[in-house]
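> Next come the chains, spelled out residue by residue.
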Amino acid sequence: MSQSTTEKPEVATEPVAAKKKVVLSEGKRAERKLGWWLCAPAAITMVAVTGWPIIYSIWLSLQRYDLKFPDRTEFIGFDNYVTVLASPYWWNAVWVTAVLTVISVAIELVLGMGLALIMHRALVGRGLVRTTSLIPYGIVTIVAGFSWRFAWTPGTGYLAELAGGEPVLTEKLPALMVVILAEVWKTTPFMALLLMAGLALVPDDLLKAAAMDGAGPWQRFVKVTLPIMKPAILVALLFRTLDAFRIFDNLFVLTAGSQGTSSVSMLTYNNLIKGLNLGIGSTMSVLIFLMVAAIAFIFIKLFGTAAPGSDDGGKR
Amino acid sequence: MAEIVLDKVTKRYPDGALAVQEVNLEIADGEFVILVGPSGCGKSTTLNMIAGLEDITEGELRIGGQRVNEKAPKDRDIAMVFQSYALYPHMTVKENMAFPLRLAKVDNATVEKKVADAAEILDLAQHLDRKPANLSGGQRQRVAMGRAIVRNPKAFLMDEPLSNLDAKLRVQMRTSVSRIQKQLGTTTVYVTHDQTEAMTLGDRVVVMRGGIVQQMGAPQFLYEHPANLFVAGFIGSPSMNFVPASLADNKLQSVLGEVTLTDRIRRLLEGADAPREVIVGIRPEHFEDASLVDATAKTDGGVFTSQVEVLESMGSDKFAHFLLSGEQATSADLADLAKDTGDDTSVGGISLVTRLSASSGAKEGEPSEIWFDADKVQLFDPSTGKNLTYTER
Amino acid sequence: MAGIGGADTTQKKVGWGLLNAVVVAYALFPVLWILSLSLKSSKTLADGNLIPREISFENYSNIFATTEFIRALANSIGIAIIATVVAVVFGTMAAYAIARLDFPGKNLLVGVSLLIAMFPQVSLVSPLFEIERGLGIFDTWPGLILPYITFALPLAIYTLSAFFREIPWELEKAAKMDGATPGQAFRRVIAPLAAPGVFTTAILVFIFCWNDFLFAISLTSTEQSRTVPAALSFFTGSSQFEDPAGSISAAAVVITIPIILFVLFFQRRIVAGLTSGAVKG
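Residue numbers (the numbering used here), protein chains in the order written: chain A, 1 to 316; chain B, 1 to 393; chain C, 1 to 281.
Take these hints with a grain of salt, some might be off.
What the hints assert, rightly or not - Using C-beta positions, here's what the derived DEER-type ranges look like: (1) Lys-13(C) <-> Thr-200(B): 29 to 37 Å; (2) Thr-222(C) <-> Ala-48(A): 22 to 30 Å; (3) Gly-216(A) <-> Leu-18(C): 21 to 29 Å; (4) Ala-256(A) <-> Leu-28(C): 49 to 57 Å; (5) Thr-10(C) <-> Ala-116(B): 46 to 54 Å; (6) Ile-81(C) <-> Ala-293(A): 27 to 35 Å.
What the hints assert, rightly or not - List of simulated lysine-lysine pairs, PhoX-like, C-alpha gap at most 25 Å: (7) Lys-33(A) <-> Lys-131(B); (8) Lys-33(A) <-> Lys-106(C); (9) Lys-301(A) <-> Lys-106(C); (10) Lys-208(A) <-> Lys-13(C); (11) Lys-12(C) <-> Lys-208(A).
Bear in mind the hints are in silico, worked out from the structure with no lab data behind them. Just so it is clear, CB atoms sit at the ideal spot from N, CA and C, and this is done for glycine as well.
With the rest of the complex left out, here is chain A:
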């Protein structure tokens, strides 16, 4: 408040100051209490439904626990981890997941940027484009998955004809390509929306200034728009990468993980629900959790302070 050193007021004598402090923090304390009470239901639910199970799954992963042979349950330390990490199925699933994630997110970023520019700049029919592109976002993934499956099924589908009647979904590589197509179709609009929010942060005047400075459309995009959008792009990439990494629904419908097309989620599900092997399933759960945490950590490092949630009152 006071800017000059000579004006700096002396703090009142100690007892008075202390007394005041107590009185004032009364309101502060009430605010804290209210804050905690308001957050309690959400916090308790989230922790109860995630925190406890995570700990429990770590415990389960250290046991031999197969529901088909419940009598043979025992504590076996890290044996499950050894089993999983030595399994070619697991490593295949990791590779499939990684490849699916990288390729589909890369395609989505490019297509999503295009769509974002269309939604942002369209001279005509902006509302129409926004409305229709929300449909892939909103639609039930399983529904879209079935649509693609039927389209590629020989006999039923129109796309299968294009492929010359070959059964695409029963070969590993073609099947993965279809899975990527389905993923890209479903999530590009979401990517585009996040990027569009970033585009909206680029002031029009700045682009006009760049145009006056002699920058062409492409230069304006690369040298002005992209750098300003960088935080939005990173957020969109983070969200989508982590989301793509858990790919399950589309795979379940399109290939059910056959022909070595299982993702890590698919493999875990099969071990758990089909195989009823809780020990192995939990081990995989923990490993997936660790991988996701590692990805998130790398992204947060990249973000620096631009991480969502870290900028209370940043740009408002």
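Following the hints, put chains B and C in place on chain A, whose structure we already have.
Showing chains B and C alone in chain A's frame:
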């Protein structure tokens, strides 16, 4: 209608920061008082304490003779106009203005009448059914005023109500705020950081800085008799020129040459215990083109010659800017002022703004002989900022 | 990067029109295809034609004749609505606190919900499977509602706190000056302003719950609480030898209808909600 009394009102935040320190202020019934100062000076905090939006840490606030420290805003019967106008976006103009009356459970017919009356005064009658989003800045401002006046409160509090308007509209609205206040005769406390608003609007101006009242009084009085460097520099536009000077044998020595102190100033200095090094303050209008001053006056004042750096002709008069070599005057007060205007440029000398008659022959880039009135100078103590030539008359 | 300088010529408009058409076709094609499939009769189902030769509602009458589908639809609706209501109520409380109050642990809460938003749901499936069996809520509504609330909460908290930050809270002060009690200020000024944000969040949360497949298929085992997405994968058609594609398509179209309605009526809100929550959060 009521008078408002602040008795040693202090605001201290929980972290110990002192926002307002022992403000004493008696606002008479119907008076228009302006709180002015740079941002962070405590003027808005003071207003919020009067409003009841912030608690008073120490001291007492009385409205109409009654202690109201503990009363909620709604029980104080005062209205407030916010800088952002704070119009309810989901209500029409009419609903916005009627809102306080509805809360007070006033009957329908009265509400209609009062809103219509206020709309009449503020020229809003044709916009009553529109939403705030569809109004211009000036119209929104008037709706905010309308919401304050409909319920005929004991006092109006205005928190920089014009600062979101563009310059021309601001001048226009300033006049109408003044007119409406006179018409209604309601006690008004008005906060602004704009010294022009402070000068033109108020019956009385209170200059604040760092949570402390620097001086209060009628605008013209503050202009002519600033209590310290801060007030002297803050009030007036263009602001007062400050030049370091030394005082010896009733003579004042500075880059503006040597002048003999006039009798009046000498008498004022007698009780002031003036140091040797002082800061001399001269308002732009106390300079003149030396060739336009008659000989006797010329000898009584100071004369210096310098090259005109920039000349601005206003038609009615001319502003000549000079840059004299020498050290700028320095003091805590002046540093505060510079911080407020955001002026951190070092001009490498003493810059001087002078107001000359339109008939002056001064030309840009050419040397000109300039006279100043030695009886109008004010002398300040650089260490305390105190005006050594301060007088009540 | 069009739109800077230059007039909006007809040529440009046609260009945009074409681009729009491509986007619309891209977005709608799979939806229209499954609609087309659902309208084929069992005879023409496998003809591979894009457009049905004749419109038949056979598939629809088939699925609505089974309790399997009706039960699943009721489960989907019930579970999604309950989870949405609870998540939005909890989320509103927490978001208000995050946007408006200062208290220790606030950043922790924000961090935890961010963590959950990124959480691999499959990691929870194993322990929840076991825990829910122990608690006796496996294959029940609460068994699905709980994880739905949990994963919807981060979404709700982010979206809502972004909305709440946009509310000009000075209005609360203004209302107090206008003579309102804190209660009145909330009811007559803040609540009407917050309502659109809460509504938008509810739509997003509902879509999330409505969409879920992983929990639905892992934490249920019978028709008792299986939702439509899970039930779809168990469809067998009316007889053992019939291709279930027709029934699946019809059911898929039915559960797509609410999504289409939301998108059509609340496009602007959904866009605002998604973008504000994700970018400014």
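> Could you run down the list of hints and mark each one as holding or not?
Here is how each hint holds up against the structure:
Checked against the hint of 29 to 37 Å, the C-beta distance between Lys-13(C) and Thr-200(B) comes to roughly 53 Å, which is inconsistent with it. Separation of Thr-222(C) from Ala-48(A) is about 25 Å and conforms to the stated range, judged on CB atoms against 22 to 30 Å. The hinted range of 21 to 29 Å is satisfied by Gly-216(A) and Leu-18(C), whose Cβ atoms lie roughly 23 Å apart. Remark: the range hint 49 to 57 Å for Ala-256(A) to Leu-28(C) is contradicted by a beta-carbon distance near 27 Å.
Roughly 51 Å separates the CB atoms of Thr-10(C) and Ala-116(B), a value that falls within the hinted 46 to 54 Å. Distance hint check: the CB atoms of Ile-81(C) and Ala-293(A) are about 33 Å apart, consistent with the given range 27 to 35 Å. With a CA separation close to 38 Å, the supplied pair Lys-33(A) and Lys-131(B) exceeds the 25 Å bound. As the CA atoms of Lys-33(A) and Lys-106(C) are separated by approximately 12 Å, the hinted pair is consistent with the 25 Å bound.
At most 25 Å may separate the alpha-carbon atoms for a hinted pair to count; Lys-301(A) and Lys-106(C) meet this at roughly 22 Å. As the CA atoms of Lys-208(A) and Lys-13(C) are separated by approximately 21 Å, the hinted pair is consistent with the 25 Å bound. Between Lys-12(C) and Lys-208(A) the alpha-carbon distance is near 19 Å, which keeps this suggested pair within the 25 Å criterion.
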